[in-house]
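Q: Below, each chain spelled out in residue letters.
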Amino acid sequence: MEQTCRKSGSACFRRGDYRFADKGMRRGNMQPDGQGARKTPVESKGRLKMRLKHFVLGTVFAAGAAVLVPSLASAADTIYVPLLTYRTGAFSGSGAPIANGMADYLNMLNERDGGIGGVKVAVEECETGYDTKKGIECYESIKNKNPIVINPYSTGITLQIIPKAAVDKIPILSMAYGLSASADGNTFPWIFNPPSTYWDGASVFVKYVGQQLGGLDKLKGKKLGLVYLDAPYGKEPIPLLEQLAKDYGFELKLYPVPAPDMQNQSALWLGVRRDRPDYIYLQGFGAMNPTAVKEAAKINFPMDHLIGNWWAGNEDDARPAGEGSKGYLSLDFNQVGQNFPVIQDILKHVVDKGKSQVTAKDRVGENFYNRGVLNSMIIAEAIRNAQKLTGKKVITGEDMRRGLESLNITEARLKELGMDGFAAPFRVSCSDHNGHHSVFMAKWDGAKWVKASDWIEPIKDKVVPLIDTAAKDYATSNAGWPKRSEACDKAS
Amino acid sequence: MFYREAGQFKTTYAADMAVFPVLQDRIGIGVILVVAFVALPLFGNDFLINAVMIPFLVFSLAAIGLNILTGYTGLLSLGTGAFMGIGAYACYKLTTIFPNVNILVWVIASGCFSAAVGALFGLPSLRIKGFYLAVATLAAQFFLQWCFIRVPWLYNYNSSGAIEVPQRTLFGLPVTGATATATTRYLVVLTIVVVMTWIASNLVRGRIGRTWMAVRDMDIAAELIGIRLLQTKLSAFAVSSFYCGVAGALMVFLWYGGAESEVFDINQSFFVLFMVIIGGLGSLIGSFMGAALIFILPIILRAAPEALGLPLRAATVEHLTFITVGALIIGFLVLEPMGLARLWQVGKQKLRVWPFPY
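Residue numbers (this note's numbering), protein chains in the order written: chain V, 51 to 542; chain Z, 19 to 376.
Hints were generated in silico from the structure; no laboratory data involved.
Since the model is a prediction, treat every value here as computed from it, not as a measurement.
Any given hint could be a false lead.
[To be verified] Under the rule of at most 30 Å between Cα atoms (straight-line distance), these lysine-lysine pairs were calculated in the DSS-like manner:
#, chain 1, residue 1, chain 2, residue 2
1, V, K376, V, K405
2, V, K376, V, K195
3, V, K522, Z, K111
4, V, K512, V, K270
5, V, K533, Z, K111
6, V, K442, V, K195
[Unchecked claim] From the structure, some residues in chain V lie toward chain Z, with a derived Cβ separation under 10 Å:
#, residue
7, T135
8, S142
9, G143
10, A309
11, A502
12, W505
Glycine residues also receive a C-beta, built at the ideal position from the N, C-alpha and C atoms.
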């Protein structure tokens, strides 16, 4: 047997076929460790003992772990806020600053104010690696610990858990990502995606281009390009842009980037050079963005005509292109930098005490870090709101849903929070879980993002009807979708 | 001492050819089935059932599917993810077009669609082998995934491009959709996996399985003794894709509850291929062991530091898990290149003579 095996690899398979191994060995009068086997009996005995030992150790360890898992601490006097984050994997460049911002703001509240309304916030991260499988595993592992809100931070994970929210009574806060249609609070009472949807973003892009050209009527006959990741996230703005192309008479050119080719876009940009679109909207993520910016610089595409959506606005998206990316624009709904009292408080109470995971102090205040802070601010304000509504200190997911639904963050409140000008004031309502708020253009000046435009309001009368239709479609295609039974609170 | 078949005499050929000829094995499998069907639904918590057992069973089924093709017939395939996708999308289309037909009928029927496509992409296997065939199946992977993105009819023109699972009931109990309880879904998945494993075990022991193995061991010799290569290879592709398709439909309908095309990318194919290789090529129990090692072990490792009271950050734990799982995989393969099933086999042989080895 040994010889045949050496001669041809395929014959070795025979040993892999164990179905009759018990019998085969007996019939063939082979000893388990005898001529048939590869090793001498002594050697193999030692190895087996080792293996058995490892196996037993492993089993004991595994059993121990399995028993201990459910008994995790969930103290009754804290508010449990799980954060689904991704600090590992291909998208960690975007995920880590967001995670840092979210955790640091909540920890700052714990350190500075002793929590929210006198109750400490228990922040726990669960690593998803931007992988849907692991995201669901995270969701299952935290849902019994009385979480008040879930931040999935991945469109894929959001889509998976949207149907579960109403059943498990845990609201989902997907801040400006996820399913655009979930802005409709009547169909999706448990899902919140303020401050803007992808459709709002695309409409702001068109509006901004119109402003630059001197009026929306000047769009007629122009060519606008959309460079997008060929996945649900990237394709999201297409229906809206097609609608607007019809209404304003511009031509829409689509440039899909297949997910495996994120870093190989030269052919696509050759096409761009041939078509000469006047403006390009970039709906990309991860490694796709720096590649697109670099390629655009290479073909001398005017950088101030290349506009990324808000997830294409990481520092690392623009930086690798060097000088060439100066002037690159990105939509944004949070300010960049450390010149805000809230960021100073985070530096003082969290970062300087070594309680943050940021790698360097100057990374505090980056665009995605501040976005994480904004995300946590929404959570914290909603908790406060829920405490006010219910009179309870320790709230549940159901209370949190009411808190989110009647959230109204005014200019004055932003000032109190030390976020004057950090973000636009916003509010959500029972029927509108998004608000369709204004965003602005951030410009890459070669070293950092600077605010380059006023707050621009989305073209709501085009976006809202699309949302309504999409929400209705969702409810019909998911037969058995529950009707809204949750009462509506008055806005605070 | 305990595991010894002395005194167990076979008086019929049927008894001699049984899947589990040894009494202790039969007791063992009985205990496993009782635990799986009764104890786990009664005592398992939601996390165990939802995040561990259901995915484990789904991946085991996919691994069995790939094992039929790669382990039993010797045809390397990298298209498993896409074939699972066919099952999922077919099931979605069928149940949205004919909502009144029982969902289980469609889960099984979607396997047939997958089988048809699998057989189609298996055609090149008649001419090419080994790595070249792997590349041909890679083409299937990319082409089908392209279809999942580019053919909006497949996802009913949904603006988010994802397939969403509507609620369907079985005997009045919801089995899919958000309202279905974890236990119901688990029992449905478990039943399907057990039945299909039983069918597979009989398939590979019978004439069809023997022709597959003959082709695997040497296709020219197989042809000379009268095995028709085309039928054999295509049937392996069809059966394998059928299993993968059902696994894909189960994955989306009873585990995920909705999916986008990225779920069925090349990584999924590799994931299942690793399970098959580590579990053991050409072994059904190996498929289960491989799925357990690749899928469940990281979950245990991830929970371990917290259970032991080590204050590690989530990202650090993730890195450690990657390192440990990687090291374990290399370790297992160095110790036993034929996979966990072989390890299990060796263990059983040792057990027969324990405590007096000779």
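Q: Can you name, in rising order, the numbers of the hints this structure does not satisfy?
A: Of the numbered hints given earlier, those the structure breaks are 1, 2, 9, 11, 12, listed in rising order.
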